[in-house]
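Enquirer: Chains A and B, in that order, are what the protein sequence lines are.
Going by the working numbering, the first sequence runs without a break in its numbering and finishes at 455.
Going by the working numbering, the second sequence runs without a break in its numbering and finishes at 455.
Honestly, the hints are just simulated from the structure, not real lab data.
Backbone N, C-alpha and C fix where the C-beta goes; we use that ideal spot for every residue, glycine too.
Please note that the accuracy of each hint is not assured.
Residues from chain B shown here face chain A by an in silico Cβ test under 8 angstroms; the list is partial [as the list claims (entries may be wrong)]:
id: 1; residue: 145
id: 2; residue: 212
id: 3; residue: 309
id: 4; residue: 438
Output of the computed footprint for chain A on chain B, the stretches with three or more beta carbons under 8 angstroms from beta carbons of chain A [said to hold, decoys possible]:
id: 5; stretch: 27–34
id: 6; stretch: 101–110
Simulated restraints on C-beta separations [to be verified]:
id: 7; chain 1: B; residue 1: 425; chain 2: A; residue 2: 56; range: 40 to 46 angstroms
id: 8; chain 1: B; residue 1: 314; chain 2: A; residue 2: 268; range: 52 to 58 angstroms
id: 9; chain 1: A; residue 1: 294; chain 2: B; residue 2: 96; range: 53 to 59 angstroms
id: 10; chain 1: A; residue 1: 31; chain 2: B; residue 2: 122; range: 49 to 55 angstroms
id: 11; chain 1: B; residue 1: 381; chain 2: A; residue 2: 118; range: 53 to 59 angstroms
id: 12; chain 1: B; residue 1: 122; chain 2: A; residue 2: 424; range: 48 to 54 angstroms
id: 13; chain 1: B; residue 1: 425; chain 2: A; residue 2: 24; range: 40 to 46 angstroms
id: 14; chain 1: A; residue 1: 268; chain 2: B; residue 2: 96; range: 54 to 60 angstroms
id: 15; chain 1: A; residue 1: 233; chain 2: B; residue 2: 320; range: 38 to 44 angstroms
id: 16; chain 1: B; residue 1: 96; chain 2: A; residue 2: 286; range: 24 to 30 angstroms
id: 17; chain 1: B; residue 1: 122; chain 2: A; residue 2: 264; range: 38 to 44 angstroms
id: 18; chain 1: A; residue 1: 49; chain 2: B; residue 2: 61; range: 48 to 54 angstroms
id: 19; chain 1: B; residue 1: 19; chain 2: A; residue 2: 436; range: 37 to 43 angstroms
id: 20; chain 1: B; residue 1: 124; chain 2: A; residue 2: 118; range: 33 to 39 angstroms
2 protein chains.
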Amino acid sequence: VTATLEALRRELPADAGVREPAAAELVDQTEPRGLRGRAEAVAEPRTTEAVAAVMRWCYEHDVPIVPRGGGTGYAGGAVPTEGGVVVSLARMTAIRAFDPLLWRIHAEAGVRTADLRRIARASGVWFPPDPGAAESSHIGGNIATNAGGPHAFKYGVTGAWVTGLEVVVPPGDVIRVGGAARKDVAGYDLRHLIVGSEGTLGIVTAAWLRLIPAPERSLPVIGLYPTVAAGCEAIQAAMASGIVPAAIEYLDGATMAYVSSTLPFRAPPGAFAVIVEADGSVAEAMAGREALEEALRPGAATVHAPLENDAIAALWRWRSGVSIAINAVRGSRVSEDIAVPVDRLAEAVTATLEIGARHGLEAMSWGHAGDGNLHSSFLVDAGDDAALALAERASDELFGVAIALGGTVSGEHGLGVLKNGQLRGQWPPRAVELHREVKRLFDPKGLLNPGTKLP
Amino acid sequence: VTATLEALRRELPADAGVREPAAAELVDQTEPRGLRGRAEAVAEPRTTEAVAAVMRWCYEHDVPIVPRGGGTGYAGGAVPTEGGVVVSLARMTAIRAFDPLLWRIHAEAGVRTADLRRIARASGVWFPPDPGAAESSHIGGNIATNAGGPHAFKYGVTGAWVTGLEVVVPPGDVIRVGGAARKDVAGYDLRHLIVGSEGTLGIVTAAWLRLIPAPERSLPVIGLYPTVAAGCEAIQAAMASGIVPAAIEYLDGATMAYVSSTLPFRAPPGAFAVIVEADGSVAEAMAGREALEEALRPGAATVHAPLENDAIAALWRWRSGVSIAINAVRGSRVSEDIAVPVDRLAEAVTATLEIGARHGLEAMSWGHAGDGNLHSSFLVDAGDDAALALAERASDELFGVAIALGGTVSGEHGLGVLKNGQLRGQWPPRAVELHREVKRLFDPKGLLNPGTKLP
Chain A
1 VTATLEALRR
11 ELPADAGVRE
21 PAAAELVDQT
31 EPRGLRGRAE
41 AVAEPRTTEA
51 VAAVMRWCYE
61 HDVPIVPRGG
71 GTGYAGGAVP
81 TEGGVVVSLA
91 RMTAIRAFDP
101 LLWRIHAEAG
111 VRTADLRRIA
121 RASGVWFPPD
131 PGAAESSHIG
141 GNIATNAGGP
151 HAFKYGVTGA
161 WVTGLEVVVP
171 PGDVIRVGGA
181 ARKDVAGYDL
191 RHLIVGSEGT
201 LGIVTAAWLR
211 LIPAPERSLP
221 VIGLYPTVAA
231 GCEAIQAAMA
241 SGIVPAAIEY
251 LDGATMAYVS
261 STLPFRAPPG
271 AFAVIVEADG
281 SVAEAMAGRE
291 ALEEALRPGA
301 ATVHAPLEND
311 AIAALWRWRS
321 GVSIAINAVR
331 GSRVSEDIAV
341 PVDRLAEAVT
351 ATLEIGARHG
361 LEAMSWGHAG
371 DGNLHSSFLV
381 DAGDDAALAL
391 AERASDELFG
401 VAIALGGTVS
411 GEHGLGVLKN
421 GQLRGQWPPR
431 AVELHREVKR
441 LFDPKGLLNP
451 GTKLP
Chain B
1 VTATLEALRR
11 ELPADAGVRE
21 PAAAELVDQT
31 EPRGLRGRAE
41 AVAEPRTTEA
51 VAAVMRWCYE
61 HDVPIVPRGG
71 GTGYAGGAVP
81 TEGGVVVSLA
91 RMTAIRAFDP
101 LLWRIHAEAG
111 VRTADLRRIA
121 RASGVWFPPD
131 PGAAESSHIG
141 GNIATNAGGP
151 HAFKYGVTGA
161 WVTGLEVVVP
171 PGDVIRVGGA
181 ARKDVAGYDL
191 RHLIVGSEGT
201 LGIVTAAWLR
211 LIPAPERSLP
221 VIGLYPTVAA
231 GCEAIQAAMA
241 SGIVPAAIEY
251 LDGATMAYVS
261 STLPFRAPPG
271 AFAVIVEADG
281 SVAEAMAGRE
291 ALEEALRPGA
301 ATVHAPLEND
311 AIAALWRWRS
321 GVSIAINAVR
331 GSRVSEDIAV
341 PVDRLAEAVT
351 ATLEIGARHG
361 LEAMSWGHAG
371 DGNLHSSFLV
381 DAGDDAALAL
391 AERASDELFG
401 VAIALGGTVS
411 GEHGLGVLKN
421 GQLRGQWPPR
431 AVELHREVKR
441 LFDPKGLLNP
451 GTKLP
């Protein structure tokens with residue numbers, strides 16, 4: 001038991017939930033890349049006021065504060081690399097208000113993404129953001145990373161659905177920016193400034209979220225292509241079809257070599273896959289499906305468009321399982337989430353393979369094609385430190401490619417501790433300086449999630 | 001000719017376009033409220049570099065800089081109340097890139113909103129934001145105020161369509177945040193911080209904008225109701241209809257008393273009007289129209305749903321003309337744009353009338369009902385200073401109502417100089433302090449649009 005833990009227990013109210021850290025609270029999805037933190041204590045507050053009390057204590061005693069959601073991040077943003085106190089939002093799970101007919105919900109940060117989506121859906125409304133780990137991730141974490149997912153293509157990322165935030169900012173003040181109103185241009189957009197700030201500016205404790213009526217029907221179409229070029233042409237054809245697809249996903253041939261055998265229909269192995277989806281009313285989804293099938297046909301080896309609910313669910317379940325299936329190939333992988341303008345996607349997909357080959361690493365990518373958002377992976381054997389180091393170098397090259405193609409080093413995972421400082425390559429010096437000063441302004445002592453986003 | 005003008009002419013390149021101010025460049029739509037600025041010079045640069053040169057000069061010589069778009073603002077954000085140099089973006093009108101099949105356009109700040117919408121539409125794609133003065137307003141100004149309009153209900157405000165910005169920030173540096181890529185979570189969201197900042201943090205010189213395929217058909221439905229309560233019930237019924245209306249507008253009875261006679265169909269005078277729109281493919285728009293007609297029928301005196309293009313255009317033309325028609329009633333009006341949660345709309349509409357009555361002012365409101373966004377007006381005779389002062393007091397009371405209802409003092413016009421400092425009533429002290437520090441961080445000398453947003 002550390003001195004910090006003892007002091008916190010003594011000085012903070014019981015609902016701050018101070019206790020010893022569990023091993024699982026010191027890591028996130030970057031554990032296979034060797035990232036593990038250390039913490040003197042975990043606080044698992046029940047209330048916003050208790051979060052503020054923890055922050056006040058830490059700020060007074062110069063102790064780092066690392067907010068933690070579902071721990072599903074791929075950049076290490078929830079890993080307490082510099083010690084201190086982990087503030088877990090896991091007990092802040094209240095739905096403070098839910099007005100389905102008014103298309104809105106007010107939820108605490110610890111509500112799981114999938115739970116929130118289910119609550120909404122049961123009343124006929126929909127929260128569109130669907131990041132990969134929705135069953136484990138928290139709304140607060142989604143906001144902290146501005147999480148995306150397949151449906152961000154049509155519906156936008158998490159930030160597009162946030163109308164208000166309750167945030168605890170240093171040295172321990174509760175602020176509310178926005179609320180249930182859908183429009184607000186009175187102040188600078190501090191709401192969007194907090195969204196995606198990865199817990200480095202404040203701790204999100206609750207959010208007012210917009211919802212919309214759920215689409216009646218969502219119909220996917222999958223096309224398989226012999227080459228990257230043919231696949232990327234199909235992606236652009238889907239965009240030129242006149243309809244707005246709900247999602248445009250891809251998996252490259254190297255990925256498909258491992259997962260096509262588990263596809264719920266017969267598919268040529270190693271083809272480049274494009275998955276699109278039409279949604280809306282039944283009639284609209286059917287019409288959209290037809291337009292998308294037509295758009296995906298030229299150059300395709302196979303086009304498959306399931307109509308039965310089970311087959312549709314099986315296809316998306318298969319898509320969701322890709323990440324885990326690829327993890328299992330070698331035990332570990334280094335995965336990055338660059339994003340580029342959609343017309344540069346083919347180049348980024350090819351560059352991923354080339355960079356891998358140059359370093360003798362098995363490489364592949366898949367992701368949110370319509371948003372030009374790749375999940376580029378370099379496979380390594382678990383525990384092979386030399387290969388891991390190579391993969392980290394490969395990632396650095398990949399970041400250079402993303403920037404050269406007019407894109408970004410992170411489309412949805414954030415910089416975390418793994419990419420901290422990478423902004424220097426992407427933004428001009430004056431913008432990087434403003435970025436650093438924004439951090440200093442919110443967190444003058446640099447105690448909030450130190451090492452994340454900024455070095 | 002002022003000394004500043006002479007010095008600027010001497011020291012800046014010709015493409016900075018330095019000249020004497022025209023009278024029209026010292027005012028915006030707040031002129032009837034008595035707002036008129038003064039400026040020592042106008043710069044009308046042709047290039048981003050020239051904008052930067054002007055800012056560098058001004059920053060070095062401690063001269064205020066007031067960016068100017070189309071001058072269509074209702075809050076005085078483009079009025080140079082403290083003198084200095086007006087930087088007009090009117091000559092930065094290039095479309096730097098337009099890729100309709102990739103759903104994007106890269107436009108300079110001085111492109112008129114309606115021109116950009118027409119350019120997109122001619123290629124089958126659409127830029128949804130449609131603020132009231134789209135024929136005169138500039139994209140740069142829309143970004144500076146985060147402009148809305150009727151279609152913001154379904155499609156979001158201007159900021160939702162901005163993927164990248166080129167901005168000149170003090171002391172005269174050009175920064176680019178974002179670009180053609182549709183996703184980016186690498187840095188803090190400085191893009192959204194600039195959007196809506198009303199020229200107080202930097203001058204937007206160009207933007208990368210998202211587009212979407214244009215809907216094939218847009219079909220309005222208008223319902224007329226005997227009371228505010230019945231009208232607001234219809235608004236909520238439209239939201240509960242299962243479809244996502246493209247727009248949900250309203251005009252209260254006091255407004256309709258002046259404009260219902262020019263409606264393109266027979267209507268009972270003084271009824272509360274609700275206009276909704278269904279859009280999408282032809283089939284989808286027709287189905288949506290039917291659902292919305294049904295939703296609007298209970299409690300309505302009349303429901304009208306034109307199908308012919310001419311009749312539809314006439315209805316929207318009529319809606320767009322309301323603002324001008326009401327201006328003509330007494331020669332002047334004080335108009336505010338509070339926004340509240342949609343379930344508090346009826347209270348805000350009623351409060352507008354009550355506040356007017358208490359001050360002996362003719363009051364009315366109309367606006368973007370689905371977004372809870374009112375344009376509350378108090379009519380005054382042009383030149384009647386006493387009535388104007390009363391109306392300003394009435395506005396202050398209205399801001400109090402907006403805040404008490406969980407809303408905001410500005411849903412789309414911004415604070416400008418008329419509402420500067422109003423944030424103090426709306427945000428907690430620590431948030432207001434962070435807001436002020438953001439300003440200081442970008443503009444330490446306080447020269448950018450002084451008096452706007454912050455006092």
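Enquirer: Could you run down the list of hints and mark each one as holding or not?
Expert: Hints and how they fare:
1. 145: holds (6 angstroms)
2. 212: It holds, given that the least Cβ distance between residue 212/B and chain A is near 6 angstroms, below 8 angstroms.
3. 309: Since the shortest Cβ distance to chain A is 20 angstroms, the answer is violated.
4. 438: holds (5 angstroms)
5. 27–34: violated (count 0)
6. 101–110: As far as the stretch 101–110 of chain B goes, the hint holds, because 4 residues have Cβ atoms under 8 angstroms from chain A.
7. 425/B x 56/A: 40 to 46 angstroms: At roughly 26 angstroms between Cβ atoms, residue 56/A and residue 425/B fall outside 40 to 46 angstroms, so the hint is violated.
8. 314/B x 268/A: 52 to 58 angstroms: Holds, since residue 314/B and residue 268/A (Cβ atoms, about 56 angstroms apart) stay within the stated range.
9. 294/A x 96/B: 53 to 59 angstroms: With Cβ atoms ~33 angstroms apart, the hint is violated.
10. 31/A x 122/B: 49 to 55 angstroms: holds (53 angstroms)
11. 381/B x 118/A: 53 to 59 angstroms: Roughly 58 angstroms apart at Cβ, these two residues keep to the hinted range, so it holds.
12. 122/B x 424/A: 48 to 54 angstroms: violated (41 angstroms)
13. 425/B x 24/A: 40 to 46 angstroms: holds (45 angstroms)
14. 268/A x 96/B: 54 to 60 angstroms: 42 angstroms Cβ-Cβ, so the 54 to 60 angstroms window is violated.
15. 233/A x 320/B: 38 to 44 angstroms: holds (42 angstroms)
16. 96/B x 286/A: 24 to 30 angstroms: Because 39 angstroms falls outside the window, the suggested range is violated.
17. 122/B x 264/A: 38 to 44 angstroms: Given about 43 angstroms between the Cβ atoms, the range holds.
18. 49/A x 61/B: 48 to 54 angstroms: holds (49 angstroms)
19. 19/B x 436/A: 37 to 43 angstroms: Since residue 19/B and residue 436/A have Cβ atoms about 39 angstroms apart, the given range 37 to 43 angstroms holds.
20. 124/B x 118/A: 33 to 39 angstroms: holds (37 angstroms)
Violated hints, in rising order: 3, 5, 7, 9, 12, 14 and 16; the structure is consistent with all others.
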